[in-house]
Every structure is written in structure tokens, then in C-alpha cells.
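Novice: Read off the chains here:
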Amino acid sequence: MSSAEKAYLNTRVAMMATQLLDPDAIGRLSQMQLPELAERFHLSSLLDDQLSAQSRSRAIEQTLIQVLLSELQILVRPMNAPERAIVLAWGRKYALFNLKTLIRGKLHDLDQKEIRDNLFDLPPNISLPDQDLFRAENVLELLRLLEAGPHSLIARQAREIYEQRREPFALEAAIDQRYYAGLVRQVMQFHDDNLQPLQHLIGTELDRIDLLWLLRFRFSYQLSPSETFFQLVPSLRLLHRERLLGLVNIETFQRVLESLPPPLDALLADSHTVIDVQRHMGRYVAHEARRILRHSPSGVARALAYLMLREMDLFLLYALVQGRLLNLSSEVVDIALEITEPTCPWAGAAGGTKAA
Amino acid sequence: MLRPRPMKHVRLLVLTEDLPQASLALAETESFHPDTRPPLESELSGLPGRDYRDTYHQARSRLDKIAKLIPGAQHPELSEVRVIELAELTGLNDWLGQIWEKTSRYEEDLRRLDDQDRFVREQEAALSNFQHLNIDLGMLRSKTRFLDFYVGIVPRENLRQLEGAVGLAGHLLHVYMQRGENAHVVIVGPTGTKEAQLSAVLNAAGFQPIPIPLELDQKPEEIRGDLDAQRKDIRAQREALHQRLSDWSAGFLDRLVEARRTLMLAEPLVSLDPSLRSAGHLARLAGWVPAREVERLTARLRESLAMPFEIQSRDPLAEERKLVPTVPVKNRLLQPFALLVNQYGIPEYGEVDPTPLFAVTFLLMFGSMFGDVGQGAVIAALAWYFRAKLNRFWLFGLLAGLASMFFGFLYGSLFGYEDVLPALWMSPIHDPILMLKIALGYGVVFLVLACLLAIFNRAVIGNWWGAVFGHHGLVNLVFYLSLVWGGLNLGIQGAFGTAPAILVVATLAALAWYNWRHLDAPVGEKVLVVFIETLETVIGYVSNTLSFLRVAAFSLNHVALSIAVFTLANMMGSFGHVVTVILGNVFVLVLEGGIVMIQVMRLQYYEGFSRYFSGEGHAFAPLRLRHGSAPS
Numbered sequence: 059m060s061s062a063e064k065a066y067l068n069t070r071v072a073m074m075a076t077q078l079l080d081p082d083a084i085g086r087l088s089q090m091q092l093p094e095l096a097e098r099f100h101l102s103s104l105l106d107d108q109l110s111a112q113s114r115s116r117a118i119e120q121t122l123i124q125v126l127l128s129e130l131q132i133l134v135r136p137m138n139a140p141e142r143a144i145v146l147a148w149g150r151k152y153a154l155f156n157l158k159t160l161i162r163g164k165l166h167d168l169d170q171k172e173i174r175d176n177l178f179d180l181p182p183n184i185s186l187p188d189q190d191l192f193r194a195e196n197v198l199e200l201l202r203l204l205e206a207g208p209h210s211l212i213a214r215q216a217r218e219i220y221e222q223r224r225e226p227f228a229l230e231a232a233i234d235q236r237y238y239a240g241l242v243r244q245v246m247q248f249h250d251d252n253l254q255p256l257q258h259l260i261g262t263e264l265d266r267i268d269l270l271w272l273l274r275f276r277f278s279y280q281l282s283p284s285e286t287f288f289q290l291v292p293s294l295r296l297l298h299r300e301r302l303l304g305l306v307n308i309e310t311f312q313r314v315l316e317s318l319p320p321p322l323d324a325l326l327a328d329s330h331t332v333i334d335v336q337r338h339m340g341r342y343v344a345h346e347a348r349r350i351l352r353h354s355p356s357g358v359a360r361a362l363a364y365l366m367l368r369e370m371d372l373f374l375l376y377a378l379v380q381g382r383l384l385n386l387s388s389e390v391v392d393i394a395l396e397i398t399e400p401t402c403p404w405a406g407a408a409g410g411t412k413a414a
Numbered sequence: 004m005l006r007p008r009p010m011k012h013v014r015l016l017v018l019t020e021d022l023p024q025a026s027l028a029l030a031e032t033e034s035f036h037p038d039t040r041p042p043l044e045s046e047l048s049g050l051p052g053r054d055y056r057d058t059y060h061q062a063r064s065r066l067d068k069i070a071k072l073i074p075g076a077q078h079p080e081l082s083e084v085r086v087i088e089l090a091e092l093t094g095l096n097d098w099l100g101q102i103w104e105k106t107s108r109y110e111e112d113l114r115r116l117d118d119q120d121r122f123v124r125e126q127e128a129a130l131s132n133f134q135h136l137n138i139d140l141g142m143l144r145s146k147t148r149f150l151d152f153y154v155g156i157v158p159r160e161n162l163r164q165l166e167g168a169v170g171l172a173g174h175l176l177h178v179y180m181q182r183g184e185n186a187h188v189v190i191v192g193p194t195g196t197k198e199a200q201l202s203a204v205l206n207a208a209g210f211q212p213i214p215i216p217l218e219l220d221q222k223p224e225e226i227r228g229d230l231d232a233q234r235k236d237i238r239a240q241r242e243a244l245h246q247r248l249s250d251w252s253a254g255f256l257d258r259l260v261e262a263r264r265t266l267m268l269a270e271p272l273v274s275l276d277p278s279l280r281s282a283g284h285l286a287r288l289a290g291w292v293p294a295r296e297v298e299r300l301t302a303r304l305r306e307s308l309a310m311p312f313e314i315q316s317r318d319p320l321a322e323e324r325k326l327v328p329t330v331p332v333k334n335r336l337l338q339p340f341a342l343l344v345n346q347y348g349i350p351e352y353g354e355v356d357p358t359p360l361f362a363v364t365f366l367l368m369f370g371s372m373f374g375d376v377g378q379g380a381v382i383a384a385l386a387w388y389f390r391a392k393l394n395r396f397w398l399f400g401l402l403a404g405l406a407s408m409f410f411g412f413l414y415g416s417l418f419g420y421e422d423v424l425p426a427l428w429m430s431p432i433h434d435p436i437l438m439l440k441i442a443l444g445y446g447v448v449f450l451v452l453a454c455l456l457a458i459f460n461r462a463v464i465g466n467w468w469g470a471v472f473g474h475h476g477l478v479n480l481v482f483y484l485s486l487v488w489g490g491l492n493l494g495i496q497g498a499f500g501t502a503p504a505i506l507v508v509a510t511l512a513a514l515a516w517y518n519w520r521h522l523d524a525p526v527g528e529k530v531l532v533v534f535i536e537t538l539e540t541v542i543g544y545v546s547n548t549l550s551f552l553r554v555a556a557f558s559l560n561h562v563a564l565s566i567a568v569f570t571l572a573n574m575m576g577s578f579g580h581v582v583t584v585i586l587g588n589v590f591v592l593v594l595e596g597g598i599v600m601i602q603v604m605r606l607q608y609y610e611g612f613s614r615y616f617s618g619e620g621h622a623f624a625p626l627r628l629r630h631g632s633a634p635s
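Residue numbers (this note's numbering), protein chains in the order written: chain A, 59 to 414; chain B, 4 to 635.
Derived from the structure by calculation, the hints contain no laboratory data. Mixed in with the good hints, there may be bad ones.
FRET-style restraints, in silico, Cβ to Cβ [stated by the list, open to error]:
hint, chain 1, residue 1, chain 2, residue 2, range
1, B, 396, A, 246, 53 to 63 Å
2, A, 251, B, 57, 43 to 53 Å
3, B, 335, A, 246, 27 to 37 Å
4, B, 162, A, 119, 33 to 43 Å
5, B, 117, A, 246, 47 to 57 Å
6, B, 260, A, 63, 46 to 56 Å
7, B, 424, A, 251, 25 to 35 Å
Over the 12 Å line for every Cβ pair with chain B, so calculated as not near, a few chain A residues [what the hints assert, rightly or not]:
hint, residue
8, 76
9, 210
10, 231
11, 281
12, 284
Heads up, simulated BS3-like pairs for lysine-lysine below, C-alpha to C-alpha not over 30 Å straight-line [to be verified]:
hint, chain 1, residue 1, chain 2, residue 2
13, B, 333, B, 392
14, A, 171, B, 392
15, B, 333, A, 158
16, B, 105, B, 235
17, B, 105, A, 171
18, A, 64, B, 105
19, A, 64, A, 151
20, B, 235, A, 158
21, A, 171, A, 151
Quick caveat: nothing in here was measured; it's all calculated off a predicted structure. Beta carbons are placed, not taken as given, at the ideal position from N, Cα and C, and that holds for glycine.
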């Protein structure tokens, strides 16, 4: 990237970063009702009474993703090929959502329209060539198409799931694993000043993912250490391969948290459920991303950090909209927005796992 | 030729029952470019073509999938043009669905055979590898009292992670061979309780066990023979399957061809879908039609439609200009140049089509920069020889070659030899200063022409301020001509001259005033921006004019390169001389020819198009009956 393009990218990122929500803004948002939210974020479908709450929610989700991806498109414009590749690879997670929806829909023999309604509209450079998959008329055809395409490695698992009538958990885990492994490969393509900040940023995100997966697989799904390790993607930062090999062998939830390297051990010292860990790790990733956004000399790392933070904000906004659409109480919405800590007894049990 | 073909906006109201017929009639005229804007009338909110479109796409997808296994005519001739109603399309779609279901089973069987074949190949590779091992392979065949063995293949991508995972289950993984995307591995570990978890990991990693035959240690040839027999058997099964498929499909091959025709006839209505709206039984569609075709289109609709219809046409509105499509150049000679123009952009409606000017100036510049009878003839001959591969582009090569030959005759140059052909004018090297002066003069004419076109393009759409004060507008042109006038005075009389100096200052002042008025910024910023923009105008015109010196520079360069080749050739013996001259000419043709081409394109795009050509239009793509291609 030339210095002019670098300056352009940095300016763009700096301008876009002014939209990021600080805790005060989130507090103000939590007070807003649907009409105010619709006006403030240009979400006209929120007020369309002819749509069901589910359709409205779906339309809002699609709109928010489009906001994120359109900003991504603007940011990749001045980037050179490897920089653009990593940012697009990050955004491709939404294409993988589509792939999972397609596979799940076909495996459960859902109607074409129902599947189509649950697919995201994505820009061409993000979307996968999934039109052929969509047109598949039965599972076997879908499996053949998977085997012939870039997802051939997961096709075998898909076939096994279909033939043995199993839940597609392993398949979706394999898709996620391949996604993150691909991101790591993209980072390692850099041999310049971008390498270190990107390693830091993607490594932090992978630390979060690995820890959550490890805890869920080991203590919620009761998978063996080998199975758990196989599904993880060694991080570029704290939870590298050797450390993961050690952690998966630990038999209790609390001991895993105690064995984490600093600063994760201190950060998670008072966590007792996966939900606690998820919340703390989310804040940790946001903190690290903000640090990179403010101080990193790498334009691509700053752009990616911005997109990650923006995605978190949009998810928060989506949670708020969902809460309003479902008429949830403000206490529940505040918990979802992380304005207040969950103190009610069911908060941990609903999605979390108590220490073994 | 320079002006775009006048277009009309046409609105057609028909009864929904007549839509398939109307779409067919419009497609036959090949003059209707759909306008996809929704109508202003809120009552027209229905989407009458939606079911038709969805049915078409599914049928089309099924036919394409079937055609991969049962090859049939992809582009059959349309013997008769008839209306395809939704009921017929639905019936066809259902039938194709049944055929595809059966064809899909054949495809699945073929896939299974491919899988088996691939696995036998992997086995062959593994066994030939085992032959060289100095171990008792019987040990690997089954688990022993204390040890488990797994021999098989795993995708290389999963290898590293699998190694760690089996390690956690107390096993070791050894890679003994890598083939393509697979790695052949042996996994060994203690027999015990961890078998189940290992098996889950192996499944997740896509591990495929390879059986080790009993006789491997003693009779490898027999095993190889056995594997050969397996492959022959698979081949035979595949042939039998293809034969069964062929026998089964023989009964409906004609119907498949007919299905393709039906879909080709249904395609126009599907292409129209985005511009179709309806209210009750009334359907509305709109589009752009060349003005002179409107009458023919109306007559064709009158002939075809049984029910009443209404057609209205009007001139495009000023605010619609960007939506009006531009009819592409039809002239055969200009078509390859149009391709290059379209690389930059398509002329906006109302804008001058630069293709003819581009063609003439391109040939002039290329010929003058690369003037050689022999090398030009080679370019023309190559373009002729490869005309099938180059498609429409071969004419471009031919004309470039002829232009080079023309200037070659003027320069008296044949494959670099200056003394074989008498020059009709002179060799560039004989008077380089004259060549530079001509190039400069050519540059001035080119830039003046570009400014005139920019002024015209703005005036024609009523953008008078832009035509007078805009970039490369009238004031810019007067400034530039005054600058040239003053420059000439300076060269001839040694002084710039009062009149041109006054004109230069006045025009620059006018431009500065215009910029100042149109800037919305603090005074300090305004001063800075106006100063920089005014300076940029002066520097820009001077540097752009000097940029054309490269036309002369390359004509001189061509001669200089030839002299270098001959100097080298003269240092050789007679055979070496011939070889050097031939290789030198090839070098000049490829390297200098390529560079000259790039330089000419640069002058065209940067000095020409960036001044007067917006390229923001879109091409006229009328509805038509296509042969074997789907609408997007």
C-alpha cells in the first residue's frame, strides 16, 4: 500500500471509529424504544407492522450485516492484495453462516423458500459460490456438490452425518475450524510490519474462541481431550498448540481457568460458568481491539480491529432490537447489553456450565 | 456516427394473459431494453412474472444438471416461435424434476464408483510402499494384545491437528507417504479404553483405513493383480452404468432438446421480470427503444397481441439521462476499437461516442511511433493468421499493422533497413527536431479537440456553466490557446507577447473566480485551494502537451533500436548477421511494439478520455431470444 493509500485508509478508519459505541452511548440506547431506534439507525423495517416479529428481526439482522459489510467494502478499497484477502477472509464468516444454513436445511429436508429466507444477501466478494448448493434438490446431490467444491474436506463428515442420522454439530464445528485456520494462514502470509499487530489481533480473537470451545466441548458436551483438541485452532498468541494440549487434559472447569496464562488467569478468576467466561473474554477482545485501533501503525490491523468492534456494536444493537420486539423487560435487555451483571439464579444455568 | 442514437422511453400496458406473447414479440424486435424502475402508480404493485421466473429457473437448473450426464443439443435452432404459458412451463419443470431424480441416482452411482477407484489407487500406492519396508506387515493387520494399529489415509490439512489429538489418546502417528492432498499414516498405541475417543477423532479428521492383505509379505504380485482386477471391475461397472443411462435416456433425448427450446422461448419473459408490475389483470412494463424502432415495435405488438394494449413513448427526461442505454457501435471496422473504449467506460447517453476519433488517432500514433513496412506486415499477417482465435480483435491487429506499414513507406524503413526502400518522406532520424515539432503540434491539436468535445458534451445537456468554466471548458480552451500562442511567439520572436499574456491572465482569473464562488470553506482554505487549482491548470496543460513528445521519441527510438541491431549484426559472420537481424526484429516487434501500444493507450485514456469522456453510461442490451444462455 502506498503512503497515500495508507493515509486514506487511516483517515477512513478514524472517521468510521467515531461511530463506535462507548458505554454511555450503550446506556442511552438501552432507553430507546423501537421508533427512536428505527430513526437513529435507519431501520425502517422495524416499524413495518405488516411483518411478523420474526420477519422484522430477520430484516434488521440482514440490514445490520449489510451495514458492516458495506463498511468493509469501503475499507478494503485502498488495500493491496494480501491485506484485502485477510479482511475479506474475516468477513467470509457470514458466507459460512449461509453454508451452514444450506447444509442444515438440506439435511433436514426443509423447503427451498424456508432455506432462502434464512440466507443472508452478501456482496459477491464475500459470498461463496453457494447457488449450486442452493439448487440441489436432495441431500445426496448436495453432498456431491460439496465433495466437488472447495468444501470437499467437510463433505465426508456431512455424508456420515446424513447416513448415520446424526446432528450436524461436528460438521459445523469443522466449518468453523477451517474458517479460523484459514484466517491464521492469511496472517502468516505477511512478512512486514503488519504481521505483529495482525498476529496480536487475530491471536486474541482465537484465544477467546479456543477457550470457549474448549470449555464447551470438554465440560458441556463431555468430549474427550483428543476430540476437543482436534476441533481447536492453535492461537497465534496465548493459547498456542502446546498450551492447548495441556489445557484439554485438565479434568475440571475451574482448574482449566486457573491454568490459563496471564492475563487470562486473573481476568477469569471469578468466572464460574461459560457465560461468565464469554462475557469477560468478549470485553478482553474488545479492549485489545480498541488498543490496536488507537495505537497500531498497521492500517490493515486497525481496519480489522474497527470492523471487529463495529460488529460487536451491531450485535448489541440487534440484541436490543430483539428485546424490544419480544417485549422483554428492561432488566433482561440490560443484561444482554452488558450494562448490568446477571444476578438472577437462572442466568448461569440457561446457557452456561457450572464448574464440574 | 459520433452522436448517440436517439432513444425513446416506452411504456406498455397489456393484459396479464398476454404477457408471454408480448415478451416474445418484444424479443423478436430486439429493440426493447427493459427499464427496471418501479412505476410511480402505487396500484401497480403486483409481480405478475414471479411464478413464471421461479419455475423457469428451476426448470433451467434441472435441465443443465441433466445435460451434464446426458449430453443433448445446447443451442438448438428455433424452428417456430410460440408462446410458452405458465402451465406448459410448470408441466415441463415437473417432468424435468422426475428425469433429474432418476439421473441423480445414476450420478450418485458414478460417484460411488469414482470413490472406489480412488481408494484402490491409494491402496496400490500404499502397498507398493509397504513392499520396501523391512518389517512384519502382519503385525499391522490387526490389533495385538497390547497394541492397536491404524493404517490409512488422512487429508494433509488435518494432519498436524490429528497428530496432537492422537497423542492425547496415548497414540503415535507416523506419516510414511504423502500423495496429493492425502497423507498415508500409521497410528499406533496401547490397546485400551481410549479406542472410542480415538475413533471419533479419526472420523472427524476424515481418516480412511487401508486394509492390509494377508499375502502382502509373500505374494505382492498377486495382490497387485487383485487390485488391477478391482479397477477393471470398476471400469466395467462404470461403462455398464453409462450404457444403462444411455439406453434409458434414448427414449426422451428429443424431448430434452425440445425442453431446451421451450426454455429459450420462455426466457424473454423471465428477463422482463424485474420491470414487470401489475394491478389486477393489467400488467405494465417499461423500457428504452431506439426512436426509429418504436413504430416497428408497435406494429409487431399489434400483429401479435390478441387483446387490447396501450403503448406510450416519450423523449428521455433530463434527469433520466444516466438511465438511458447507449446503442453500441455497429461498424465492423470500429468494433475492435469500441472494445478498447469500453474498457474505459461506455458513453453516457447524449455524450459523443469517442470510438471513431479513438480509432483514427490510435492508428496515427501507433503507425508514426512504429513505422516499418516489414514489421507492420508481420503484425498484419499474424492478425490475419490468428483471426479465428482473436475473434473481432483481429481487425484491430490488421489495421495497426497497415498503419505501421503506411508510416514505414513514409520513413523508408523495411525491417529496420533504411536503404532498401526509398522513403516517401524521410526517416525520423534525419531530422529529429522536426519530428519533435510535429509531435508537439499534434499534441496541441489533440488537446484542443478533446476540449472542444468536453465543451460540446456539456452544452448538449444544458450544462452551460460547466461548458464555459468547468474542467477543459471554454475558458480553459482559451487559456490553452493563448498559452500556445505565447509559446509560439516566444519561440519565433523571443517574447511572449502582450495579447496572449493578457488572455492567459484573464482566463486564469476567470477560472479562479469560478472556483472561489463554488468553494464552501474558510477563506484561508479557499485561497489555498484556488491557488493550487490555478497552478495545476497551468502545469497540467504544459505537461500534457509535452507528453505528446513521446510520439516523436518513439519513432526515433525505433530507428535507434534498428541501428543497434545492425551494429551488432555487422560484428558477426554472414550466418550470425542473418540470425541477429531476425532475432533483433523479433525483439523490436515484441518489446517495442508492446511499449508503443501501452504509450498510445496511455495518451488516449489519460490525455484524451479523461478530458471529455465520462464513460458512465451503460450499453443497450435489448430483450432477445437467446440461444443457450440464461438471463441473470
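Novice: If a hint holds in the structure, say so; if it does not, say that too.
Specialist: Comparing the hints with the structure gives:
no.	hint	in the structure
1	396(B) with 246(A): 53 to 63 Å	42 Å, violated
2	251(A) with 57(B): 43 to 53 Å	51 Å, holds
3	335(B) with 246(A): 27 to 37 Å	53 Å, violated
4	162(B) with 119(A): 33 to 43 Å	38 Å, holds
5	117(B) with 246(A): 47 to 57 Å	34 Å, violated
6	260(B) with 63(A): 46 to 56 Å	54 Å, holds
7	424(B) with 251(A): 25 to 35 Å	59 Å, violated
8	76	21 Å, holds
9	210	9 Å, violated
10	231	8 Å, violated
11	281	8 Å, violated
12	284	4 Å, violated
13	333(B) with 392(B)	21 Å, holds
14	171(A) with 392(B)	44 Å, violated
15	333(B) with 158(A)	48 Å, violated
16	105(B) with 235(B)	26 Å, holds
17	105(B) with 171(A)	24 Å, holds
18	64(A) with 105(B)	57 Å, violated
19	64(A) with 151(A)	26 Å, holds
20	235(B) with 158(A)	39 Å, violated
21	171(A) with 151(A)	22 Å, holds
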